[in-house]
Amino acid sequence: MTTSPLQLSVVVPLYNEVDNVIPLVDAVTAALGASGSWELILVDDGSTDGTVAAADRIAAADRRVRLIRLARNYGQTPAMQAGFDRVRGSVVVSMDGDLQNDPRDIPLLAAKLDEGYDLVAGYRKGRKDKLLTRKIPSWIANRLIQRITQVKIRDNGCSLKAYRVDLLRRMNLYSDMHRFIPAVAAATAGARIAEVPVRHHARKHGSSKYGLSRILKVLADLLTIKMIRSFRDRPLAMMAAGALLATLLATAVAVAATVAAVGFGPQKANAVVFSGAALLWLGLAGYLLMLGLVAEVALWEHRREQGDQLPLVHEENN
Amino acid sequence: MTEQMRVLSPDTKGAGKPQLDVSVIVPITERPEDLAELYHEYSVPLSESGQSFEFIFMAEPWCGPLTKPLIELAAQGHPVRVLQMGQTMGEASLLRLAATHCHAPVVVTLPAYRRIQAAGLLELIQAVIDGADVVNARRWPRRDAWLNRLQGRIFHMLLGSITSQRLHDVASGVRAMRREVLLRLPLYGDFFRFLPLLAAREGYTVTELAVPQHERDTSTRVYGPGVYLRRVIDLLGLFFLLRFTEKPLRFFGLLGSTLAVTGSALLALLLVQRLQGQGIADRPLLLLGVLLVVLGIQAIALGLVGEIIVHLHASGRRGYRILEEDSPSQHSAADDSKSLSA
Numbered sequence: 004m005t006t007s008p009l010q011l012s013v014v015v016p017l018y019n020e021v022d023n024v025i026p027l028v029d030a031v032t033a034a035l036g037a038s039g040s041w042e043l044i045l046v047d048d049g050s051t052d053g054t055v056a057a058a059d060r061i062a063a064a065d066r067r068v069r070l071i072r073l074a075r076n077y078g079q080t081p082a083m084q085a086g087f088d089r090v091r092g093s094v095v096v097s098m099d100g101d102l103q104n105d106p107r108d109i110p111l112l113a114a115k116l117d118e119g120y121d122l123v124a125g126y127r128k129g130r131k132d133k134l135l136t137r138k139i140p141s142w143i144a145n146r147l148i149q150r151i152t153q154v155k156i157r158d159n160g161c162s163l164k165a166y167r168v169d170l171l172r173r174m175n176l177y178s179d180m181h182r183f184i185p186a187v188a189a190a191t192a193g194a195r196i197a198e199v200p201v202r203h204h205a206r207k208h209g210s211s212k213y214g215l216s217r218i219l220k221v222l223a224d225l226l227t228i229k230m231i232r233s234f235r236d237r238p239l240a241m242m243a244a245g246a247l248l249a250t251l252l253a254t255a256v257a258v259a260a261t262v263a264a265v266g267f268g269p270q271k272a273n274a275v276v277f278s279g280a281a282l283l284w285l286g287l288a289g290y291l292l293m294l295g296l297v298a299e300v301a302l303w304e305h306r307r308e309q310g311d312q313l314p315l316v317h318e319e320n321n
Numbered sequence: 004m005t006e007q008m009r010v011l012s013p014d015t016k017g018a019g020k021p022q023l024d025v026s027v028i029v030p031i032t033e034r035p036e037d038l039a040e041l042y043h044e045y046s047v048p049l050s051e052s053g054q055s056f057e058f059i060f061m062a063e064p065w066c067g068p069l070t071k072p073l074i075e076l077a078a079q080g081h082p083v084r085v086l087q088m089g090q091t092m093g094e095a096s097l098l099r100l101a102a103t104h105c106h107a108p109v110v111v112t113l114p115a116y117r118r119i120q121a122a123g124l125l126e127l128i129q130a131v132i133d134g135a136d137v138v139n140a141r142r143w144p145r146r147d148a149w150l151n152r153l154q155g156r157i158f159h160m161l162l163g164s165i166t167s168q169r170l171h172d173v174a175s176g177v178r179a180m181r182r183e184v185l186l187r188l189p190l191y192g193d194f195f196r197f198l199p200l201l202a203a204r205e206g207y208t209v210t211e212l213a214v215p216q217h218e219r220d221t222s223t224r225v226y227g228p229g230v231y232l233r234r235v236i237d238l239l240g241l242f243f244l245l246r247f248t249e250k251p252l253r254f255f256g257l258l259g260s261t262l263a264v265t266g267s268a269l270l271a272l273l274l275v276q277r278l279q280g281q282g283i284a285d286r287p288l289l290l291l292g293v294l295l296v297v298l299g300i301q302a303i304a305l306g307l308v309g310e311i312i313v314h315l316h317a318s319g320r321r322g323y324r325i326l327e328e329d330s331p332s333q334h335s336a337a338d339d340s341k342s343l344s345a
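Heads up: the protein sequence lines correspond to chains A and B, in order. Numbering-wise (my numbering), the first sequence opens with residue 4 and increments by one. Numbering-wise (my numbering), the second sequence opens with residue 4 and increments by one.
The following block holds chain B by itself, in its conformation from the complex (with noise of 0.2 Å):
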C-alpha cells in the first residue's frame, strides 16, 4: 500500500500522536472546487467548537496540482493531510483507505463540493457521539433546481422499493459515522453511494438528519444517459445484494422456474393442437416456447453455480455481526475447570 500511494504531508501516523475527535476525509473524485477553501470553511465549526480534527483529502493522481494549496496549508500546521494515490482507485476505495488512516473514531466523509452548510457538521458528529453508528445528511430544505429534486425523488422512490431503510438523501454523500463502520464495510465499486444502506444490512443502526444545504449547491444537474443508465444498474446491484447473496438459486431459481412453466405451458397448447391434427412446423409459438424453456433452464443453471461459490466461501465467512457477548473471560474458563475439578 505504502509503494501506491504518497503521504503528501508531515505524517502524523505513529505512536505520539494524540488521539482526535474527528476525522472528516474528504475523497476528491469529482467537480472538485477550490480545496483551500474547503477546509476553511468546514473547520470553522470545528475548531469553534473546541474539537480536535483533521482533514484527510485523498488525492488521485489526476488532481496533482488541486492539492497544492492544500500542502501549504499543512506546512503552516493546520491539521491537514493530503494522500496521494498511484493509481486511480474510485471512491469506495478511497474511503476505506482513509478510515485505516484517520486518528479519530468519529468520521465525517465530506464530497470534495459544497452541499451543506458547515455547521451542520457539529449536528452531524453529536448524533454519532449519542449512540448513532451511521448519521446520513439530508440536505433540507432544499434550496436547488427543481429538476435535481425530481432526479432525487425518482431515484429514492426507485431504492425505497428494494430496501425498507427509509432515506431520502442517501447520495448527498455527507455522512458521519463510528470509523469501525468504515473499516468493515466490503465497499466497492459504485456501492459508495448506498454506504448507508449497507451498513444497516451489517445491523449498524443508521439514522437521517436533515442539515442545511449548501447556497453554491444550487445549479442544475443534467447528466449524460450514460451515467443514469449506470444508476439504475447500481440499483439492480444493490437489490441482488441485499436480498440474496447468501442465496442465488432463490432469485435465479424463481426467475427461470416462471421462464421454464411459461414456456413449458406453450409448447404443451402447441401439443394439444398438434394431437388434434394442426401442423406446427411453421407456428413461431414454438420458437418462443422452446426459447423461454432454454432461458430457464440458464437462470437455474447460474443460480446453482452462484450456490456453489457461496457454498465454498462459507467456511470463512459469518452471516452476522455480534453486537455485545458475556466474554468467556468475565467468568473464565479457568475458572469452570477449577470448579469442575473442585
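With the rest of the complex left out, here is chain A (with noise of 0.2 Å):
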C-alpha cells in the first residue's frame, strides 16, 4: 500500500441491510459525482438477509464499488478494521449503512481534513432518532467520553468521519472501539482533530443494531482506553500509584488497630480485625506492585520483538 491511486475511499460496513444497499450506493455515486478517482468499500458483516446478493450485483456493474465478506458477524469494529486495511485512497471517509448519514457530507469533511487535520468527525445536527433509549444515553456517554479521554469531541456515535490514510495505517481497532475512535488516535497515534456538522436522517429502512444493553461494555472500554492513553508506556507507575494508595489505607487501618488496642475506642477489644484489616490492604499493594513488574515485561518483550507503530509527525514548514 505505498501509492495510493485514488484520492478517496468511503468505507461502509453493512450487516443485515438488504433494503438500504442500493439506495446508499446511488447516494454516493450522486453526491461524489463521476469523477472516478473514489471507490467505494462495502464491508459485508456476515449478513444473512440479502444484503450480500444485492452488494454483489452493484459490484460486479460498478467498478468503483468493491464488496469485502466476513466470514460471520464479528461487530462493526473488526467490519470496519477489515475495509481501512483494503483502502486504495488517500483520503478515507467511514459510514453507517443505514442511510442515516448523508454522503453529500463527504466533500465537507474532506475538505476540513485538508485543512491540516488528520481525522474529521461529524457530529449530527438535529439528530433524528428516539430521546429515551438513543438520544439522552448518547448525551450522558459523550459526556463521560470527553472528561475521561480528554478528547473534546460533541458525538463520538456518528459513524460518519474522515481519516488520513497515514493515520490509519498507525491505529487498530479492535474489539468494540468504532465508539471511541477519535480518543484512540489522539491517544496512540498524535492525531489532529477537527469537528464539523453533519446532516442526519430518520432511519428508513430495516432495523437499528444497538441496544441498551451496551452501557457496562462502554464503562469498560472507556477505562482501557483512559489506561492505554496515560500509562501505555509505564503501566508499573499506573500499579505504584495503586499500591501507594492501599499502603496509606493500610497504615490508617494500623493506626486504629493500634488505639483499638490501647483501648481508647468505644470498648477496649482485640485487635485481630483491624490488623487483618490492615494486612489485607498490604497485601494488595504487593500484589499491584508485582502485577505492574509483569505488565513491563510484557511490554519491555513486545518493543523489542517488533517496535511500535510511532505516532504522526507534523513538520512545520513556513
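These are computed hints drawn from the structure, not numbers from a lab. Take every hint as true, because none was put in to throw you off.
Some chain B residues close to chain A (C-beta under 10 Å, calculated; not the full set): (1) G256; (2) S260; (3) I283; (4) P287; (5) L288; (6) V308; (7) I311; (8) A317; (9) E327.
Label pairs and their computed distance ranges (CB to CB): (10) T261(A) <-> I157(B): 50 to 56 Å; (11) S164(B) <-> A74(A): 23 to 29 Å; (12) Q90(B) <-> R237(A): 36 to 42 Å; (13) L248(A) <-> G134(B): 53 to 59 Å.
Model, not experiment: these values are computed from the prediction. Beta carbons: idealized from backbone N, C-alpha and C, even for Gly.
Using the hints, put the two chains back together into the complex; each one sits in its own frame.
Given below as C-alpha cells:
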C-alpha cells in the first residue's frame, strides 16, 4: 500500500441492510459524481438477509464499488478495520450503512481534512432518533468520554468521519473501539482532530442494531482507553500509584488497630480484625506492584520483538 | 522441525507427488489399538469408493514398537506414512503438524482407537466436499454403557451453556474438514477437543453428522478425579477464550466490580453502625468487606494488564476473517490510474 492511486475511499460496514444497499450506493455515486477517483468499499459483516447478493450485483456492475465479505458477524469495529485494511485512497471516509448519514457531507469532511487535520469527525445536528433510548444515553456517554479521554468530541457515536490514510495505518481497531475512534487516534497516533456538523436522517429501512445493554461494556472500554492513553508506556507507574494508596489505607487501619488495642475506642477489643484488615491492604499493595512488573515485562518483550508504530508527526514548513 | 521429527516411511512429500483426495490423520495419544488393523478397517470404504487417500500416523516417542507394523505396510506399498516425533507434543500440536505434511485438501482426523463404523467416513468426507468447512461425527445411535453416555450428556450440557453451537459429541475425535481449517486454527494444549467450536468462532461453517458407533467403542470408561477436574478447567478456559480474548477487562471488570461493590456495601453498613456508637473492631464482617474490596481491585488490575497485552498485539492481529473479496486486480489498480490520467 505504498501508492494510493485514488483520492478517496468510502468504507461502509453492512449488517442486514438489504433494503438500504442500492439507495446507499446511489446516494454515494450522486454525491461524489463521475470523477472516477473514488472507491466505495462495502464490508458485509455476516449478513443473512440478501445484503450480499444485492451488493454483489452492484459491485459487478460498477467497478468503483468493492465488496468484502467477512466469514461471520464480527461486529462493527472489525468490519471497519477490514475495510480500512484494503483502502487505496489517500483520504478515507467511514459511514453507516443505514442511510442515516448523508453522503453529500463527504466532500465537506474531506475539505476540512485538507485544512491540516488527520481526522475529521461529523457531529449530528438535529439528530433524528428516539429521545429516551438513543439521544439521552448518547449525551451522557459523550460527556463521560470527553471527561475521561480529554478529547473534545461532541458526538462519538456518529460514524461519518474522514481520516488520512497515514493515520489509519497507525491505528488498530479491535473489540468495540469504533465508539472511541477519535480518542484512540489521539491517544495512540497523535492525531489532530476537527469536527464538522453533518446532516442526519431518520432510518427508513431495516432496524437499528444497537441496544441499551452496552452501558457496562462502554464503561469497561473507557477505562481501557484511559489507561492506554495515560499509562501505555509505564504500567508500573499506574500499579505503583494504586499500591501507594493501598499502603496509605493499610497504615490508617493499622493506626486504628493500635488505638483499639490501647483502648481509646468505644470498647477495648482485641485488635485482630483491624490488624487483619491492615494486612489485607498491604497484601493488595504488594500484589499491584508485582502485577505492574509483569506488565513491564510484556511491554519490554513486545518492544524488543516488534518495535512500535510511531505516532504521526507534522513538520511545520513556512 | 525436521530435527524434531523423522519420517519413517517412503517420503511422499515433494513436487512429483500427485494431489490426493483425502488425508486421514491418526494422532497416537491414548489407548491405541492394533494400528495395522485400524488402517485395514478404515481404508476399505475409502478404496472401494475410488478416492485416493493417505493415512498419516503421528507417533510420539513412546509409541516406537506400535508403529512397526505400519512401517511394514508402507514398505508393501500401502499409502501409510508414519511421522515420528522426537518429543512429546500433545494432540493439538500433532494435528497441526500433520496438516502441514498432508497432501489432500480434505482431512479426516481419527483417534487411534475405533469410535465409528468405517463406512461413516465417506459421509463425512462428502459433507466437506459439499461445502461444509468442518463436519463433526456424532456417534449415533449410541450403543455404549449408560455411564459413558451420562458423562457425555453432562459435559455437553455444560458446553451448551457457554456456546451457542449445538453439538452433541464434540469429543468423538472423528472429524472431516478442509485442510485450511486445521492449518489456520491456533490449536494448543487441550483445546483440540473443542476444534469444531473454535472453528465456528473463526467463522467456518461447522456441522454435525450422525454416524453409527463402532461395536468396539462400548466399554465403560471411568477416569480418575483429576481428568474430570481438567475437563471442567478446559471448559472455563474455553468460555474465556470464546468470549473475552479481545476484551479481558469486560470479564475481570464485571467480576471485580461485583466483588468490590459487595465489599463496599458491607463496609458502608459497618460505618453506619460505628456512627451509631457500636464498636466494629471485633466484627469479622469488617474483614470480609475489606477482603472483597481487595479481591475486586485485584481482578480489575489483572483485567487492565490483560488489556495492555491485547493492545500491544493489536497491530499484528486481525480479529476478522475474510470470506471473499473482489480483488483489486480484478479491476486492477493500474487500470484505475490510467483512467485517472486520461
